[in-house]
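Protein chains: 4
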Amino acid sequence: MKSLKKKLADDMLVLRGVNQPTTVIDVKGCPIGGESVMVVAGPCAIENEDLLKETAFKVRGSGAVALRGGAFKPRTSPYSFQGLGEDGLRILARIGEEMNMPVVTEIMDSEDIDLVSRYADILQVGARNMQNFSLLKKLGKIDKPVILKRGLAATIEEWLSAAEYILAGGNGKVILCERGVRTSETWTRNTLDLSAVALVKELSHLPVMVDPSHATGVRSLVTPMARAAVAAGADGIMVEVHPHPERALSDGDQSLTPKGFSQLMKDIDPIARALGRRIY
Amino acid sequence: MKSLKKKLADDMLVLRGVNQPTTVIDVKGCPIGGESVMVVAGPCAIENEDLLKETAFKVRGSGAVALRGGAFKPRTSPYSFQGLGEDGLRILARIGEEMNMPVVTEIMDSEDIDLVSRYADILQVGARNMQNFSLLKKLGKIDKPVILKRGLAATIEEWLSAAEYILAGGNGKVILCERGVRTSETWTRNTLDLSAVALVKELSHLPVMVDPSHATGVRSLVTPMARAAVAAGADGIMVEVHPHPERALSDGDQSLTPKGFSQLMKDIDPIARALGRRIY
Amino acid sequence: MKSLKKKLADDMLVLRGVNQPTTVIDVKGCPIGGESVMVVAGPCAIENEDLLKETAFKVRGSGAVALRGGAFKPRTSPYSFQGLGEDGLRILARIGEEMNMPVVTEIMDSEDIDLVSRYADILQVGARNMQNFSLLKKLGKIDKPVILKRGLAATIEEWLSAAEYILAGGNGKVILCERGVRTSETWTRNTLDLSAVALVKELSHLPVMVDPSHATGVRSLVTPMARAAVAAGADGIMVEVHPHPERALSDGDQSLTPKGFSQLMKDIDPIARALGRRIY
Amino acid sequence: MKSLKKKLADDMLVLRGVNQPTTVIDVKGCPIGGESVMVVAGPCAIENEDLLKETAFKVRGSGAVALRGGAFKPRTSPYSFQGLGEDGLRILARIGEEMNMPVVTEIMDSEDIDLVSRYADILQVGARNMQNFSLLKKLGKIDKPVILKRGLAATIEEWLSAAEYILAGGNGKVILCERGVRTSETWTRNTLDLSAVALVKELSHLPVMVDPSHATGVRSLVTPMARAAVAAGADGIMVEVHPHPERALSDGDQSLTPKGFSQLMKDIDPIARALGRRIY
Chain X
11 MKSLKKKLAD
21 DMLVLRGVNQ
31 PTTVIDVKGC
41 PIGGESVMVV
51 AGPCAIENED
61 LLKETAFKVR
71 GSGAVALRGG
81 AFKPRTSPYS
91 FQGLGEDGLR
101 ILARIGEEMN
111 MPVVTEIMDS
121 EDIDLVSRYA
131 DILQVGARNM
141 QNFSLLKKLG
151 KIDKPVILKR
161 GLAATIEEWL
171 SAAEYILAGG
181 NGKVILCERG
191 VRTSETWTRN
201 TLDLSAVALV
211 KELSHLPVMV
221 DPSHATGVRS
231 LVTPMARAAV
241 AAGADGIMVE
251 VHPHPERALS
261 DGDQSLTPKG
271 FSQLMKDIDP
281 IARALGRRIY
Chain A
11 MKSLKKKLAD
21 DMLVLRGVNQ
31 PTTVIDVKGC
41 PIGGESVMVV
51 AGPCAIENED
61 LLKETAFKVR
71 GSGAVALRGG
81 AFKPRTSPYS
91 FQGLGEDGLR
101 ILARIGEEMN
111 MPVVTEIMDS
121 EDIDLVSRYA
131 DILQVGARNM
141 QNFSLLKKLG
151 KIDKPVILKR
161 GLAATIEEWL
171 SAAEYILAGG
181 NGKVILCERG
191 VRTSETWTRN
201 TLDLSAVALV
211 KELSHLPVMV
221 DPSHATGVRS
231 LVTPMARAAV
241 AAGADGIMVE
251 VHPHPERALS
261 DGDQSLTPKG
271 FSQLMKDIDP
281 IARALGRRIY
Chain L
11 MKSLKKKLAD
21 DMLVLRGVNQ
31 PTTVIDVKGC
41 PIGGESVMVV
51 AGPCAIENED
61 LLKETAFKVR
71 GSGAVALRGG
81 AFKPRTSPYS
91 FQGLGEDGLR
101 ILARIGEEMN
111 MPVVTEIMDS
121 EDIDLVSRYA
131 DILQVGARNM
141 QNFSLLKKLG
151 KIDKPVILKR
161 GLAATIEEWL
171 SAAEYILAGG
181 NGKVILCERG
191 VRTSETWTRN
201 TLDLSAVALV
211 KELSHLPVMV
221 DPSHATGVRS
231 LVTPMARAAV
241 AAGADGIMVE
251 VHPHPERALS
261 DGDQSLTPKG
271 FSQLMKDIDP
281 IARALGRRIY
Chain H
11 MKSLKKKLAD
21 DMLVLRGVNQ
31 PTTVIDVKGC
41 PIGGESVMVV
51 AGPCAIENED
61 LLKETAFKVR
71 GSGAVALRGG
81 AFKPRTSPYS
91 FQGLGEDGLR
101 ILARIGEEMN
111 MPVVTEIMDS
121 EDIDLVSRYA
131 DILQVGARNM
141 QNFSLLKKLG
151 KIDKPVILKR
161 GLAATIEEWL
171 SAAEYILAGG
181 NGKVILCERG
191 VRTSETWTRN
201 TLDLSAVALV
211 KELSHLPVMV
221 DPSHATGVRS
231 LVTPMARAAV
241 AAGADGIMVE
251 VHPHPERALS
261 DGDQSLTPKG
271 FSQLMKDIDP
281 IARALGRRIY
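Chains as they are written, first to last, in the numbering used here: chain X, 11 to 290; chain A, 11 to 290; chain L, 11 to 290; chain H, 11 to 290.
Hints were generated in silico from the structure; no laboratory data involved. For glycine and all other residues, C-beta sits at the position ideal for the given N, C-alpha and C. Please note that the accuracy of each hint is not assured.
Claimed, not checked - Computed far set for chain H versus chain X, every beta-carbon distance over 12 Å: (1) 17; (2) 181; (3) 230; (4) 268; (5) 276.
What the hints assert, rightly or not - If you want the footprint, here are the derived chain L segments under chain X, 3+ residues with CB under 8 Å: (6) 76 to 89; (7) 114 to 121; (8) 165 to 171.
Between the sequences and the hints, there should be enough to build the whole structure, so can you do that?
Right, here's the structure in full:
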């Protein structure tokens with residue numbers, strides 16, 4: 011490990027110093043990086059207010075702390091549903107307020123930082139933008155927590171160096187999020203790399219989340235991978251939940267129903283306790 | 011998932027039928043695939059009798075059920091230590107007998123099946139031989155359990171189809187073992203694919219183990235990945251342990267000390283209980 | 011192939027119709043996609059006016075048509091040289107003018123499109139931004155040719171769909187550029203995928219270039235891969251050339267000297283002729 | 011490159027010494043590794059004598075030097091056609107004799123070395139057996155040329171080290187063969203890595219072939235990749251040809267017709283000449 015660490019410059023801000031504890035980031039009163047494992051849940055995309063409200067109500071009831079929902083969607087094809095844009099952000103903020111849940115949404119363009127910051131409590135950088143250095147630099151200048159997803163084929167150095175762009179700009183509130191890497195396996199959407207979670211937690215003081223929904227792309231694998239993520243030491247979990255996955259405008263195959271999500275929460279609770287942690 | 015399953019012929023012997031439980035394979039009185047999570051531990055290679063005895067004594071004391079040790083080693087270079095051969099097998103069998111532990115060792119050549127079967131309780135097929143079809147066919151004709159490691163870049167179909175070669179030959183005692191796949195990540199030796207464990211358990215009735223030592227190649231990651239493997243639903247764990255890793259003839263960087271292994275056992279116990287299972 | 015083609019919607023603008031010839035894109039009087047194979051050469055980053063002028067003079071003398079040079083550099087670490095910015099653009103435009111060579115430079119941020127368009131004849135989207143959909147949408151609104159590099163681990167669908175974002179916006183002048191994909195091979199920086207060149211030329215009417223410098227990261231492999239790219243049917247080649255590679259501020263290991271570049275040009279000429287084409 | 015070379019021990023037999031020319035291996039009077047580029051052609055599997063004869067007659071007429079055909083086939087599923095075995099070997103030898111072409115076939119089991127050697131002029135080790143070290147050691151003891159295909163995800167070190175097993179045993183007649191590596195690309199069967207060809211030719215004195223048929227798995231890509239392979243410096247090409255690809259028992263999708271093969275030969279001839287070489 012000592013030799014591995016040499017790949018990164020000693021004075022990088024992301025690196026964990028000797029005996030340095032994990033940085034605890036406060037999100038509207040909810041800490042991440044401490045004793046509790048934070049669970050973020052919600053639909054892939056915000057489709058309309060009723061659906062989001064129903065989802066939020068149910069996931070909060072099962073113990074989710076924060077609400078996710080995409081307003082700007084990075085879609086492979088220009089002809090796929092691109093998200094509701096600012097209308098979606100408004101809905102998200104309103105439901106978050108009502109349910110008293112911090113809200114997370116994706117930022118895709120540096121020009122939208124002010125807009126998205128007005129509505130969201132946490133800004134998420136997607137895998138495809140992990141090395142959008144212009145965006146990272148500008149996120150270093152804001153005062154909101156940023157979830158930085160690992161790139162599709164990013165190495166550990168590249169991921170930590172991307173976080174360093176944000177820290178170097180002055181924003182220390184970065185949460186790393188593992189979401190699987192590209193491999194030759196075709197049964198799963200990506201290959202979830204949980205060793206990266208343990209490794210990054212050893213190297214860095216930043217909290218680390220796991221997104222088992224995008225990592226696997228297969229509903230029945232989400233809960234086992236959520237359990238494994240907590241067992242590996244993850245500080246948080248981000249899960250896609252949709253009341254009617256078969257009608258979802260995106261990522262239906264990997265979305266849990268509210269009932270499935272409730273089971274996931276029951277499953278990860280004893281794992282968290284086994285590690286001396288708890289789920290909110 | 012239904013659509014995924016179509017990649018495999020319906021009548022394959024490895025596939026799990028509706029409501030079919032996991033096959034429980036008996037290894038000298040120790041079952042794998044049932045309620046208990048089996049732990050196999052020992053050095054990468056058998057180096058001499060005293061070292062193996064010391065290791066066996068200690069890992070048994072911490073709760074390992076079976077003893078592993080390589081007599082024929084698949085080494086990248088022809089000039090690296092190739093293992094003690096039959097002398098190693100004799101040592102392994104003797105210590106297994108003395109400690110009352112079933113023993114596991116690798117089979118590399120179909121010509122050695124009789125020889126290795128005389129000494130070993132479980133024959134292991136390494137990742138590099140997962141598609142050595144001649145070897146697989148001959149292993150279908152013996153009556154000993156076979157651990158079939160996943161190939162370096164094998165897909166799920168290829169892995170299950172390789173197991174099918176053994177089952178089709180008449181030997182139903184196959185234990186699958188995930189040990190990481192090749193990716194572009196260079197910090198870890200391979201990328202442990204725990205979603206493959208959950209997926210294969212869903213598709214197949216065969217028990218599935220995980221080898222976090224070869225998967226990561228990094229000592230400090232072995233225990234977190236053992237925890238995650240148990241949480242993902244693995245039926246067993248295979249761990250490299252060496253009394254003096256810094257002096258090991260192979261794989262020292264990834265071997266736990268007996269003390270580290272004892273901690274691993276304490277760590278995975280509550281995880282197993284959280285899933286309604288136990289460690290022997 | 012017919013079955014493969016079904017992965018893409020029939021009416022995508024990037025797809026080649028029956029008997030449709032390759033689109034010829036005019037770059038300041040120099041066509042790409044026609045009989046000639048276009049060679050773009052220059053340093054990775056613009057370091058100063060004298061160096062760029064020396065490089066331009068020499069590569070033009072060997073037959074390069076266009077001049078490349080980065081002013082905004084996408085660097086893994088925030089502490090690495092980030093490029094000269096607008097000063098670099100000014101130098102690039104001036105030398106291009108003087109040498110009568112169209113100039114190519116990278117665009118990293120949608121906010122910089124106007125700025126970069128004032129100086130550059132071709133805007134290049136780097137591998138890390140291939141799925142920066144906000145940037146792609148805005149590039150669909152300009153009237154300049156865009157080189158779209160393939161992402162680090164992008165599939166053929168993703169690459170063509172990224173191009174579709176630009177075409178759908180109204181800008182048909184897209185040149186695809188293969189620059190290697192991430193694999194487990196560590197001797198080369200990436201793995202150049204020349205089958206993707208032949209495949210994409212079959213699927214799409216857009217011209218396709220190859221960047222053997224970034225693909226291999228190894229100087230001695232650049233010329234063999236340039237030969238192979240032309241033989242595979244590439245419409246252009248982009249090569250890094252630096253008068254003093256050992257002193258280059260970035261990518262020195264993969265830069266050819268002007269002399270090495272001159273040899274490359276001699277080497278690819280007969281290959282182009284063997285295919286009934288020519289190098290400018 | 012100097013630093014890269016350090017990954018391999020200086021005294022490895024496979025390494026090219028200063029100014030050492032490529033080793034020329036004589037196959038029944040046909041040299042490989044010299045001025046000529048050797049073309050090996052034939053069906054994936056030997057199906058019956060008439061088909062093989064027809065194929066051999068036609069490929070020889072187009073300039074193929076050697077005839078390939080599998081008698082023992084490594085198939086993912088145990089229920090797929092496994093080859094004709096010794097009957098296939100007899101047919102192959104007979105047609106080779108009749109047509110005066112050396113014959114190449116795959117060896118899958120160390121127990122079959124004597125058998126296969128009686129019939130074949132070159133023994134081929136497939137990608138799945140590249141690290142079947144028992145097989146490699148025994149091939150070091152015979153006096154026939156061996157084609158060693160690169161493993162599905164093998165690194166350069168692993169490939170050259172596998173060849174070293176054969177050379178260390180005393181058999182210096184090893185021909186390396188690149189056949190694509192596993193990546194996340196799904197349009198092609200594998201990703202042909204032509205930079206590996208240039209790299210291995212720089213590192214080693216052994217001749218290097220390319221198999222564009224298995225590498226791509228797509229008929230229309232075989233000829234462009236054959237051109238690119240010759241341009242990259244390959245010493246030989248191995249191509250699958252079948253008179254009726256749509257009826258082939260294996261690999262029909264990637265097999266050229268005799269007519270397609272004839273065009274391939276016309277295409278690679280001027281490329282070889284451009285490099286100062288020739289096709290037989």
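Hints, one by one, checked against the model:
no.	hint	result
1	17	15 Å, holds
2	181	32 Å, holds
3	230	22 Å, holds
4	268	33 Å, holds
5	276	35 Å, holds
6	76 to 89	holds (count 6)
7	114 to 121	holds (count 4)
8	165 to 171	holds (count 3)
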